[in-house]
Amino acid sequence: GQQLNQSPQSMFIQEGEDVSMNCTSSSIFNTWLWYKQDPGEGPVLLIALYKAGELTSNGRLTAQFGITRKDSFLNISASIPSDVGIYFCAGIIQGAQKLVFGQGTRLTINP
Amino acid sequence: EAGVAQSPRYKIIEKRQSVAFWCNPISGHATLYWYQQILGQGPKLLIQFQNNGVVDDSQLPKDRFSAERLKGVDSTLKIQPAKLEDSAVYLCASSLVADRGTGELFFGEGSRLTVL
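Residue numbers (our numbering), protein chains in the order written: chain A, 1 to 111; chain B, 1 to 116.
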C-alpha cells in the first residue's frame with residue numbers, strides 16, 4: 001500500500017498567493033523528490049533532495065528534506081496560472097531502490 | 001534530446017482481451033520503469049529493469065501482466081487477460097543512473113487503457 005501521506009489532497013488559491021504542501025511517512029527515506037504532472041502528460045521532476053535538512057530552490061519553488069528523514073515539504077511562492085497541476089512527492093526508502101509516490105496534491109489557481 | 005516514447009497513447013478493449021504497450025527510453029538510459037497510475041492516485045511501480053535484467057517486479061500481477069526489455073533498450077508491457085480494474089495510465093520512465101538510483105526519472109506521456 002501507499003507509504004507516503006501527502007497533504008493537502010487539493011488546494012484552491014488566488015493567483016499570487018504562496019502555496020505549501022507536505023509529505024510524511026513512518027519510514028526513513030534516503031531521497032525525496034517532487035514531481036509535477038500536467039493533464040495528459042507524465043510527471044516531470046521539479047526538485048531532488050539527498051541529505052537530511054537539505055533546502056533546495058528551483059526558481060519560485062523551494063523544498064526541504066526533513067531532519068527526521070521521514071518528511072518533506074514543497075513551497076511555491078507567488079503562484080501563477082502555469083503552476084496549475086498535480087504535485088507528487090516521491091522517495092526512496094532506506095535500504096531499497098524503488099521510488100514510491102504520494103497520492104498527489106491538485107493545485108487550482110483562480111486568476 | 002528525444003524524450004521517452006510510448007505507444008499507443010490510448011487503447012480501449014473489452015475485459016478478457018489482451019493489450020500490449022511499447023516504450024523506447026532516452027538513449028543511454030540503463031534503467032527503465034513501468035508504472036501504473038489509476039485515476040486520482042500516484043504512480044505505482046510495476047517493474048524496474050536495469051539494462052535487460054529485472055531489478056524489482058514485486059508489484060507486477062504476474063498471472064496477467066508480463067514485461068520484457070530486449071537488448072536493454074525498448075520494452076513492452078503486456079496484459080492478458082485484462083480486467084476492469086486494469087483501467088489506468090501506464091507510464092514508462094527511464095533514468096541514467098544504473099546503480100542504487102537517484103529517483104531522477106524521465107517519464108513518457110503514458111498509455112491510457114480503458115477496459116470495458
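No lab work stands behind these hints, which were simulated from the structure alone. Hints are supplied without guarantee of correctness; some may be wrong.
Residues from chain A shown here face chain B by an in silico Cβ test under 7 Å; the list is partial [as the list claims (entries may be wrong)]:
1) PRO39
2) ALA52
3) THR56
4) ILE92
5) GLY95
To be clear about the criterion: a stretch of chain B counts as covered by chain A if any three or more of its residues have a C-beta under 8 Å from a C-beta of chain A, and this derived list gives those stretches [stated by the list, open to error]:
6) 17–25
7) 105–114
Stretch by stretch, here's where chain B covers chain A in the computed footprint (C-beta under 8 Å, at least three residues) [said to hold, decoys possible]:
8) 16–23
9) 82–91
10) 96–107
Fair warning: this is a prediction, and the values are worked out from it, not measured in the lab. A virtual CB, placed ideally from N, CA and C, is assigned to each residue, including glycine.
Failing hints, ascending?
Numbers 1, 2, 3, 5, 6, 8, in rising order.
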